[in-house]
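S.K.: So you can see what is in the structure, the chains are spelled out below.
There are 4 protein chains.
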Amino acid sequence: MTYQPSFQDIAHLGHVELFTPKIAESVAFFKNVVGLHESGRRGDSVFLRAWGDYALHTLQLTSSKTSGMGHMAFRAKSAAILTEMTGYLTRNGVQGKWLDHEFGHGPAFRFAGPDGHAIELYYETERFVPTGDQVPGFRNQPQRYSPHGIAPRRLDHINLLAKDVKACREFFRDALGMRVTEQIVYDGDQEMGAWLSTTLKSYDVAFTKDHYDARGRFHHLTYFIDSREDVLRAADILVESGAFIETGPHKHNIGQTFFLYFYEPGGNRCEIASGGYLIFDPDWKPVIWNKEDRAKGQAWGLQTVSTFHTYGTPPV
Amino acid sequence: MTYQPSFQDIAHLGHVELFTPKIAESVAFFKNVVGLHESGRRGDSVFLRAWGDYALHTLQLTSSKTSGMGHMAFRAKSAAILTEMTGYLTRNGVQGKWLDHEFGHGPAFRFAGPDGHAIELYYETERFVPTGDQVPGFRNQPQRYSPHGIAPRRLDHINLLAKDVKACREFFRDALGMRVTEQIVYDGDQEMGAWLSTTLKSYDVAFTKDHYDARGRFHHLTYFIDSREDVLRAADILVESGAFIETGPHKHNIGQTFFLYFYEPGGNRCEIASGGYLIFDPDWKPVIWNKEDRAKGQAWGLQTVSTFHTYGTPPV
Amino acid sequence: MTYQPSFQDIAHLGHVELFTPKIAESVAFFKNVVGLHESGRRGDSVFLRAWGDYALHTLQLTSSKTSGMGHMAFRAKSAAILTEMTGYLTRNGVQGKWLDHEFGHGPAFRFAGPDGHAIELYYETERFVPTGDQVPGFRNQPQRYSPHGIAPRRLDHINLLAKDVKACREFFRDALGMRVTEQIVYDGDQEMGAWLSTTLKSYDVAFTKDHYDARGRFHHLTYFIDSREDVLRAADILVESGAFIETGPHKHNIGQTFFLYFYEPGGNRCEIASGGYLIFDPDWKPVIWNKEDRAKGQAWGLQTVSTFHTYGTPPV
Amino acid sequence: MTYQPSFQDIAHLGHVELFTPKIAESVAFFKNVVGLHESGRRGDSVFLRAWGDYALHTLQLTSSKTSGMGHMAFRAKSAAILTEMTGYLTRNGVQGKWLDHEFGHGPAFRFAGPDGHAIELYYETERFVPTGDQVPGFRNQPQRYSPHGIAPRRLDHINLLAKDVKACREFFRDALGMRVTEQIVYDGDQEMGAWLSTTLKSYDVAFTKDHYDARGRFHHLTYFIDSREDVLRAADILVESGAFIETGPHKHNIGQTFFLYFYEPGGNRCEIASGGYLIFDPDWKPVIWNKEDRAKGQAWGLQTVSTFHTYGTPPV
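Chains as they are written, first to last, in my numbering: chain A, 1 to 316; chain B, 1 to 316; chain C, 1 to 316; chain D, 1 to 316.
None of these hints come from the bench; they were simulated from the model.
One or more of the hints may lead you astray.
Here are some, though not all, of the chain D residues that point toward chain A, as calculated from beta-carbon distances under 7 angstroms [stated by the list, open to error]:
1. G137
2. D236
3. E240
4. A243
The beta-carbon is built from N, C-alpha and C at its ideal position, and this holds for glycine as well.
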């Protein structure tokens, strides 16, 4: 039988590359304020991970003329699935190329999504191996919890702006096997946002309508932290560091996560989040939010700040 | 030596009377949603308390044509102090009268503050005596923790609108012995807000400038809850109950408390708060916030919603 | 190709039936103290669910002469998988029978696990449909959050005592497609405990060695709550209700969850837990804890109380 | 009228001196793991403070042959009160001496309490003045919150072992004006513990019966942190640092605080705590806990570990 991508054929979001025009400031910010750990450097890039990430890196910062996303990479569930899925993509007209020597993982198939976002699929992964004072006291954790800065546990999800939300939603569902969990649909057919999951989390990737009808832009990257109290603590750390907090902490209707948005020195929006819900029902139907729902603001009534709807990277 | 009011001669804010044009709805809201307990009824009033309040009541709801504050009552440290302080007030031209038969406490001296707010001083207090399933498991708590609704621990503070913030601040400092802890002063001499304490909490009473230059209006009443996580939980409870959340949860610069503001059915603004700081330094100097500070919004950058500056009860 | 059970063919633990010799007290406890909701009654059973459970019930309490587990039920990912998996079981010598008229779900295949525990597999599920004041304010939640009692979000996992941990581990891995996530192994080959998952949670089912070498006994059932602060609040609620707290709150090494164990009136051990970690790595290798690890106690050094190792239901 | 010490004549516990046979390790531990800040060094001592302490130091670590407490110092409410109180002590036979050149504060009167504990009273205080990246974003905080290590907010209280609890309780009540808030009394008259307060916190100083009938020993020193979630985070930090956790996190019956006890490298017991209750009632009567109460363990039933009753510094 011919392979069809199905739910959870992709194991998880593996890492994201962000472009930054201020590489030194961005690296210092992610290390000292966010509390990530440096895994290595190669060329114009610096690689980082959170203490609870099992892979060698989940964030790649690359020096560039402007801000924005370089690429996002998803780990396939197995080598066989990687072969099948990339074959499926090729058969269906997706043009991609294999990259064999990237930092931290094996062969990756890179291609563009419907809106032009660069996507990679890979399977082989280099794991983080703790040494010295990074060896954890708990055998089931990849690294000792590091009490400096915000110190989130792990990479959580990515949110992208799209000229065509529907096309992105359908591609990620049909070609990458993701589950559509929640949507914003105005006036019955105008897709303003789509949340998709490749795990039991309520989302791993989200697309929201680009205010300027630009293509392939980046909205934000999110690291997860264990408690909402940690998110509140993160807000204090960000204020004290002089970082710009755009909105939050507050609770999202969509995903029910407790969010905090800020800009890193290179201009990219980032989020620290906690909470949310897991989806155990295998027959989950997408939850649809309409214009009236959205007019009520976030979960506890906070009106979304206008920049949240308009600001993306790179700037248009 | 002649008595002069000094810090902590008033032990604490004892209770607050709120007027409500919807007495049944207000009582149901404070009992079922906020999670207070009814202590008794008399005349047009219903008396309530939080599970951690030692006194028989901390809130009096009185049926009335409009919303607003009936009076606020402070407990003197001792019977002797009550005598001294009321004598001091009388000597200094404050006209008041003794009320001998109020619910839940002994003789109270009632008078008007500089802005016309009704104030009572009393000492003798009727304590709550738990019976049946209200008897606490912990000998040092007045009542069993009651897991229904928001369930705050205790009354915390009151915030009043004033035409003349300076006069209020000076009266509460000089005649009631309170400590000025924080202030908002615009352009060097325009007093926009004053926070005063009669305990080691950073404030027990606050005055903020009335947007309409009205006199003697009420801004909000606050119950304290143990954790910020409880405040977040309260927000969900309020949303689910259909209550109007005005702003929050977020953190105040002033007092550093974690706040959540909402309106009870009668129209009065209420707050659930946690956190904040205690003042141990006996020589504390008032912290002054200026216009530039205020323009930055609340602690994590949230812009204060306009109604917070304009809405008070009764409506003007 | 012949069907082989694979990871996540079972969607999740669906519900658990507990026997209780004190049905009225057990029902009252789960409703008033734990804060579950009654879904219905049939015969000697009462059916309950947490506010965040999508199914009509996750707990069945059945009046019985003694305590213990009636059965545990797992929901298959699809009708096709249910057919395949039950076929696989039958082919491999597992004797079971189909039950067609159970409360809240479609046809279920009931059989005994290696240690004699009663297991059901089913697919068709009756969903909870909120009405009146149970309709949630959030479209992605099955029911309004109900602020009474402990109010956990959802059923999380089950822990069973076993005479033969190894046999149970292998059966749940090979016949039910579960992932072995963590193990306790003494002296290199003595299996004292096994944790298995059918989701991305670190476990959904656990087996620990029966102190008395009895077969098929029950250790505990766990409901999940969103924050560790909620677990602490649950401890106060339990103490005030007069329930017996066996141990906790504290953090498990295994699973890294924050636990609280108590006995319901019928004598069965229950847990309220929060936290823990998700497993995104598709190649996760079981974490092995040895005798020296266990001698150190729980995550922060708490020595496990002896009853935790010896007490199960029904009593031996 | 002759001066009599009264409640709150002492403003607060100012600082504590701990002896340590491992000064370098102790300093490193308090700075890197606990997250205190060094204020200065003089002679054999290193001075430290928490980020929320207004004074230049709250902890003095002094190199010594053994562990134990050097002295504890209380700040009088005013210079006048200091004069009055020391006069009162002298008139009542307490022999003390004035120390004029100590680090961080003005003239201090040093004397021994009934059990031989060294006590100082002082008024003039050197405040911490933040510079550079320690300048806080919030005008009402003494220093920027520092996200490294446990990072408690402030010194909270001290707990001392005493051969004669009753004598200590009476002296701190009568000569220092403290309020007795809670007590442990066995068999109607055997005083096993006394908690006293000079603030509205439920205690600032505690005495518990020395298991060995030794005199003047030290039990523990406590720093306060804002949330119970922070205490749980502290437990992880301590485990990962290799520190010895003696007991907790759990909740005390007495004071209702959420505690975590550990030993610093010099052997002295320390505590990180949060929560608790404030006493607003000016007529508070001491809460008496008896032997039966104590047999029930801590608030949620944890049996107190035996070392907690027997271990003090210096060792006997």
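S.K.: Taking the hints in turn, state whether each one holds.
M.R.: Here is what the structure says about each hint:
Here the hint on D/G137 is kept, as its CB sits about 5 angstroms from the closest CB of chain A, short of 7 angstroms. A cut of 7 angstroms between beta carbons decides the hint on D/D236: the least distance to chain A is about 5 angstroms, and the hint holds. Satisfaction of the interface hint for D/E240 is found here, the shortest Cβ-Cβ separation to chain A being roughly 5 angstroms, below the 7 angstroms cut-off. A hinted interface residue such as D/A243 counts as satisfied when its beta carbon comes closer than 7 angstroms to some beta carbon of chain A; here the least separation is about 11 angstroms, so the hint is violated.
When the structure is compared with the earlier hints, a violation turns up for hint 4 alone.
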